[in-house]
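Asks: Protein chains in written order, with our numbering: chain A, -16 to 365; chain B, 39 to 292.
Derived from the structure by calculation, the hints contain no laboratory data. All C-beta atoms in this analysis are idealised placements derived from N, C-alpha and C, irrespective of residue type, glycine included. Honestly, I wouldn't trust all of these hints.
Below 27 angstroms or equal to it, Euclidean Cα-Cα: the simulated DSSO-like pairs (lysine-lysine) are [unchecked claim]:
1) A:Lys54 x B:Lys152
2) B:Lys67 x A:Lys78
3) B:Lys112 x A:Lys17
4) B:Lys152 x A:Lys17
5) B:Lys145 x A:Lys54
6) B:Lys143 x A:Lys54
7) B:Lys145 x B:Lys276
Listing some non-contacts, in silico: residues in chain A with all C-beta distances to chain B over 10 angstroms [as the list claims (entries may be wrong)]:
8) Gly71
9) Ala112
10) Val173
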Amino acid sequence: MKTMDHQADVRFLQDEEGELLVVSSGSWRVAALKMVVPILERQTRNIRNQSLRWDVSRISSIDSAGIVLFKHYLDQLQAQGCKVEVVGASPAQQKLYRMVTSYISASPEIRGSPQSRLLRPFNRLGELAMAFLRDINAFLSFVGENFVVLMLLLLQPWKFRYRAIVRNIQDAGVGALPIVTLTSFLIGVVIAYQGAVQLQKFGANIFVVDMIAISVTRELAPLITAIVVAGRTGSSYTAQIGVMKITQEIDAMRIMGFEPHRFLVLPRVIAVMIALPLMIFFADIIGILGGMLVANFHLNISFTEFIHRLQNVLEVKHVWIGIAKGPFFAWLIAMSGCFRGFQVSRNTESIGRYTTISVVNAIFLVIACDALFSVLLTELGI
Amino acid sequence: MNPVILVSDVVTRFGDNLVHDGISLKVQKGEIYGLLGGSGSGKSTLLREMIMLQRPQAGEISVLGHDLMSLGRKEAAWLQRQWGVLFQAGALYSSLTVAENIGIKLKEYAHLPKNILGEIVRMKIRMVGLPDYAAELYPAELSGGMIKRASLARALAMDPGLLFLDEPTSGLDPIGAEAFDKLILELREMLDLTVVMVTHDLDSIWTIVDRLAVLGDRKVIAEGSLEEVMRQPHPIVKQFFHGERGRIRSQHGK
């Protein structure tokens, strides 16, 4: 057996009687065909209503791809009114030719009427809109099912999976503390720095305390913590439940009467709803600490001065408002994470897709919810 | 004539676990060769070694006259184009349609115009007995039997002379398994294939395998045609062919 195949070749010649002769040679195996395609394409286009002979005796070996190529151009020549006589085919080649043509001779089944190019964008838009509506519908029924299970559980509170709730608090809350510490500290530092530059111009250094205290507790700590949790916990919920769906664990749970909402969804949702407010309070402290350090080094506000000012300007309602957003954000994150997990279908690729979608959804919903809070609380004068 | 695959004195070890201890066998051109053995006897490992997914610790494997243990990059690339592999679970790329799965190797290596590529893919789909509409489906939308057929079509995409099958009929119902066996016989006839299959389907062994090797105790305990193997007195062979299921099967013959 040869290691490297020589390439396929084809020549178009005139013989002494003026008859056109096509001589093909070399290996007509799939990996060696690329040279002959342009030659055949160019030559066959201009031959009409002639009779020609196609000599295939010098083809050293041929496979089904070679046959398909040969037949394609043979058909084309015949369609252009040529009479083609194929000579020199070996019995093995004839056998392969008969086998291959039996599979390609039948015309392909018609699948759908071809769409006009102009209509395609509209069609796509319609499909997207319908998919969006179906998604909302599915999410609402997921929320409804979850609510029903929650109500039934409230009647029998001993059936809650307390152990799972505690474990999920450990994973989603305690496990996230390092990254929450780091991000909220940096947020405090950034706010203090940005404020310091502006406030120094007016000699109003001390107001940096107001700025840090209110912005961190009321808006930034809840938002940043929620985004970290969405990226860290929401995505892992989608992936966990998605894998359980693929391996049919969810089905196994259902047939044993283990309601997935009770065993998987509610423990996660409740755990995040408990953990997130606590983490927001933690982030408040760290964020203010970061700002305090910068105020000390950069604006010469001593720690005592800072804390004294803090007590005067930071009304406790700001802290409570920030913390109160926690359960709402947590519900959105955990619900969209679990919901997308249940949407994962049989192939592995969809886990990645739905994990991405769940994080994007969760972050968007958190920000939208925050905007709603801002408008509402401002209108209410709180 | 040189054998297509020659395995001699292969030793494979995973940590402390000795899987193969001096395995030797020969696969001749044009035959359907079965690798048999109980679970954990290392038949799938041996198959993986033949297709260069794994390297034995010692010994020699040569495929189509090339020694796999001392292979250049170019030779390895050439060799990979000479065989097709059907994995146990199909291993179709889940993000591609059946047609794309079959065409991907052709597209990468053959540089043919799109319409001819499409014709070749359609031919392969029909060759393995799939309906035309299967071309546009994704692997997740296929039944178990269709997945096997689609991955067989993918394995045959480049018209390889050598086909490796890892438990081709596992997970199929008896009717589907029989049809698949028949398909492999037909394809061997049409395409002059040499087939190496890992199997423990007694029906396949009786109906389509020409020669086989039984692995056990980390060695080849029997090699040859079915009659020759069944004459071996080794207890594993006895268990396999003269156990309850084997006895019932052998009463029916071919």
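Asks: Next step is simple, just say for each hint if it's right about the structure.
Replies: Right, here's what the structure says about each hint:
| no. | hint | verdict |
| --- | --- | --- |
| 1 | A:Lys54 x B:Lys152 | holds (15 angstroms) |
| 2 | B:Lys67 x A:Lys78 | holds (19 angstroms) |
| 3 | B:Lys112 x A:Lys17 | holds (19 angstroms) |
| 4 | B:Lys152 x A:Lys17 | holds (12 angstroms) |
| 5 | B:Lys145 x A:Lys54 | holds (20 angstroms) |
| 6 | B:Lys143 x A:Lys54 | holds (22 angstroms) |
| 7 | B:Lys145 x B:Lys276 | violated (48 angstroms) |
| 8 | Gly71 | holds (20 angstroms) |
| 9 | Ala112 | holds (23 angstroms) |
| 10 | Val173 | holds (40 angstroms) |
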